[in-house]
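My numbering applies: residue 12 is where the sequence shown begins, and numbers increase by one.
Since the hints were made in silico from the structure, they are not lab data.
Treat each hint with caution, since some may be false.
Ranges between beta-carbon positions, derived for each pair [said to hold, decoys possible]:
(1) Lys220 x Val298: 21 to 29 Å
(2) Asp91 x Ile354: 43 to 51 Å
(3) Ser164 x Ala247: 29 to 37 Å
(4) Met215 x Lys17: 51 to 59 Å
(5) Ala357 x Ser136: 29 to 37 Å
(6) Arg232 x Tyr318: 54 to 62 Å
(7) Lys220 x Gln64: 21 to 29 Å
(8) Asp91 x Ser292: 46 to 54 Å
(9) Leu112 x Met215: 20 to 28 Å
(10) Arg155 x Gln135: 26 to 34 Å
Straight-line distance between alpha carbons at most 25 Å, and here's what the computed PhoX-like set of lysine-lysine pairs gives [to be verified]:
(11) Lys87 x Lys157
(12) Lys358 x Lys290
(13) Lys186 x Lys220
(14) Lys358 x Lys291
(15) Lys285 x Lys105
(16) Lys157 x Lys117
(17) Lys317 x Lys387
(18) Lys285 x Lys358
(19) Lys317 x Lys17
(20) Lys290 x Lys186
(21) Lys383 x Lys14
(22) Lys117 x Lys87
(23) Lys220 x Lys291
(24) Lys196 x Lys220
(25) Lys186 x Lys285
(26) Lys383 x Lys17
(27) Lys291 x Lys186
Even glycine gets a Cβ: it sits at the ideal position worked out from N, Cα and C.
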Amino acid sequence: MNKYSKRLLHYLASVAIAFGIVGFYALLALNLSIFNPLVAVLKEYSMTDFYYQVVGTSAERDTSRIVTIVDMTELKDRRDIAYALSEVLEQHPKVVGIDILFDGLKPENPEGDSLIMALAANNQSLVFALQYFDDSFDGQQFNRVKQAFFADSIPNLKEGLVNMQVDKFNGMRKKISLAKTVKGKLRPSMIKQLSDEYADQEIMPLEDKEININWSPIDFRVVPYDSIAEYGEYLADRVVLFGAVHDENDTHYTPHGNIPGIKLLAYGVESVVKQTTIKKSPWWVDVILSLSIVLLTKYLFEVAEKYVRNHKNRFARIGLKATLAMGILRFICIAIVMYIGFIIFAKFNISINIALAIAAIAFIGSAEELYKVIHKSFSKK
Numbered sequence: 012m013n014k015y016s017k018r019l020l021h022y023l024a025s026v027a028i029a030f031g032i033v034g035f036y037a038l039l040a041l042n043l044s045i046f047n048p049l050v051a052v053l054k055e056y057s058m059t060d061f062y063y064q065v066v067g068t069s070a071e072r073d074t075s076r077i078v079t080i081v082d083m084t085e086l087k088d089r090r091d092i093a094y095a096l097s098e099v100l101e102q103h104p105k106v107v108g109i110d111i112l113f114d115g116l117k118p119e120n121p122e123g124d125s126l127i128m129a130l131a132a133n134n135q136s137l138v139f140a141l142q143y144f145d146d147s148f149d150g151q152q153f154n155r156v157k158q159a160f161f162a163d164s165i166p167n168l169k170e171g172l173v174n175m176q177v178d179k180f181n182g183m184r185k186k187i188s189l190a191k192t193v194k195g196k197l198r199p200s201m202i203k204q205l206s207d208e209y210a211d212q213e214i215m216p217l218e219d220k221e222i223n224i225n226w227s228p229i230d231f232r233v234v235p236y237d238s239i240a241e242y243g244e245y246l247a248d249r250v251v252l253f254g255a256v257h258d259e260n261d262t263h264y265t266p267h268g269n270i271p272g273i274k275l276l277a278y279g280v281e282s283v284v285k286q287t288t289i290k291k292s293p294w295w296v297d298v299i300l301s302l303s304i305v306l307l308t309k310y311l312f313e314v315a316e317k318y319v320r321n322h323k324n325r326f327a328r329i330g331l332k333a334t335l336a337m338g339i340l341r342f343i344c345i346a347i348v349m350y351i352g353f354i355i356f357a358k359f360n361i362s363i364n365i366a367l368a369i370a371a372i373a374f375i376g377s378a379e380e381l382y383k384v385i386h387k388s389f390s391k392k
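Given the sequences, and given the hints that come with them, work out the whole structure.
Structural data, given as structure tokens:
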């Protein structure tokens with residue numbers, strides 16, 4: 012075996028040991044109940060969560076030019092809601108998504124019911140909320156819907172599902188459904204309806220499919236219900252979301268912490284219209300990329316060690332060989348890998364899982380020492 016083959020074998024063995032150490036600790040965490048809370052969180056954690064925090068703290072937020080929110084938290088009477096909606100329509104929005112479920116008549120307020128129904132019948136730019144329920148709780152067969160009381164009375168009424176997907180372990184909402192099959196019928200989501208109406212075309216095909224919201228921080232202008240006319244320029248030709256901003260019963264845990272449900276819808280519309288939904292790389296790409304990154308890191312470590320050995324200054328050699336110096340080098344390598352991942356995410360909206368590579372880099376020093384021990388023991392034989 013020539014020296015190049017030996018060196019390659021050395022690299023591959025060290026990298027394999029580094030991944031083996033990571034795997035050992037992962038199995039340990041999975042099989043010890045004391046680590047269950049940590050495992051539950053890490054299963055749903057991705058590098059995009061870190062990137063969102065970086066973007067949120069390092070740059071000024073833009074204000075959406077697509078979506079404006081009208082806050083009707085204080086409005087309880089359907090008559091007042093109808094008046095506010097009428098005023099919104101006078102500002103000529105492109106489409107209005109109503110995040111309110113009118114799920115029954117109000118005998119004590121027939122005028123309010125009549126006004127809401129009249130608005131629905133006479134305005135094709137309104138999209139009403141629809142919710143699905145799964146009585147079997149298996150998450151597969153959605154067998155019941157709750158919709159506006161006038162849904163069956165108005166032909167071609169536009170409705171959109173407002174249910175939002177939640178991650179199983181940490182309760183975080185990162186995804187949206189373009190549509191869901193409910194009672195054998197494929198029903199579009201509110202986000203898809205609003206996005207297509209705004210774009211005057213179908214942006215994504217109607218299918219029972221989940222997509223990843225782009226949670227890059229952005230501000231959405233919030234207009235108070237009693238000042239709608241004053242903010243007309245921010246409503247005209249836009250997607251207007253009409254709903255409660257300060258309802259404590261409608262908050263959701265997201266990469267930005269708890270936010271109201273209507274802002275969650277706003278992020279979804281923004282992602283679909285701009286076509287910036289996050290695309291996750293296939294697992295095999297992550298594996299190959301992680302292996303390549305760690306091999307390159309191992310090579311850089313060897314170059315650094317060779318430089319240290321050949322340094323003329325004795326004190327410099329001692330200092331650079333110290334554990335702290337090697338730790339700093341590992342930190343720099345990890346930082347570079349994370350930065351490259353961030354650039355890919357920011358430029359192309361692609362999420363690459365480099366957590367495995369980062370973990371292996373952290374253990375590359377230990378892997379090298381273990382390799383030397385194993386190699387020495389076999390050499391003696």
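Evaluation of the provided hints:
1. Lys220 x Val298: 21 to 29 Å: holds (25 Å)
2. Asp91 x Ile354: 43 to 51 Å: holds (49 Å)
3. Ser164 x Ala247: 29 to 37 Å: Taking Cβ atoms as reference, Ser164 and Ala247 lie about 30 Å apart, which means the hint holds.
4. Met215 x Lys17: 51 to 59 Å: Cβ of Met215 to Cβ of Lys17: about 53 Å, so the range 51 to 59 Å holds.
5. Ala357 x Ser136: 29 to 37 Å: holds (34 Å)
6. Arg232 x Tyr318: 54 to 62 Å: holds (55 Å)
7. Lys220 x Gln64: 21 to 29 Å: Holds - the Cβ-Cβ distance for Lys220 and Gln64, about 28 Å, lies within 21 to 29 Å.
8. Asp91 x Ser292: 46 to 54 Å: Holds: the Cβ-Cβ distance is about 49 Å, inside 46 to 54 Å.
9. Leu112 x Met215: 20 to 28 Å: Check passed, 25 Å falls within 20 to 28 Å.
10. Arg155 x Gln135: 26 to 34 Å: holds (27 Å)
11. Lys87 x Lys157: Between Lys87 and Lys157 the Cα gap is close to 19 Å, so the pair holds against 25 Å.
12. Lys358 x Lys290: Holds, at about 12 Å.
13. Lys186 x Lys220: holds (10 Å)
14. Lys358 x Lys291: holds (14 Å)
15. Lys285 x Lys105: Between Lys285 and Lys105 the Cα gap is close to 16 Å, so the pair holds against 25 Å.
16. Lys157 x Lys117: The hint holds at about 16 Å.
17. Lys317 x Lys387: Cα-Cα ~20 Å, so holds.
18. Lys285 x Lys358: holds (13 Å)
19. Lys317 x Lys17: holds (17 Å)
20. Lys290 x Lys186: holds (11 Å)
21. Lys383 x Lys14: holds (17 Å)
22. Lys117 x Lys87: Within the cut-off at roughly 12 Å; holds.
23. Lys220 x Lys291: holds (14 Å)
24. Lys196 x Lys220: With a Cα-Cα distance of about 14 Å, the restraint between Lys196 and Lys220 holds, given a limit of 25 Å.
25. Lys186 x Lys285: It holds: about 16 Å lies between the C-alpha atoms, which stays within 25 Å.
26. Lys383 x Lys17: holds (13 Å)
27. Lys291 x Lys186: Cα-Cα ~12 Å, so holds.
Hint compliance for this structure: no hint is broken.
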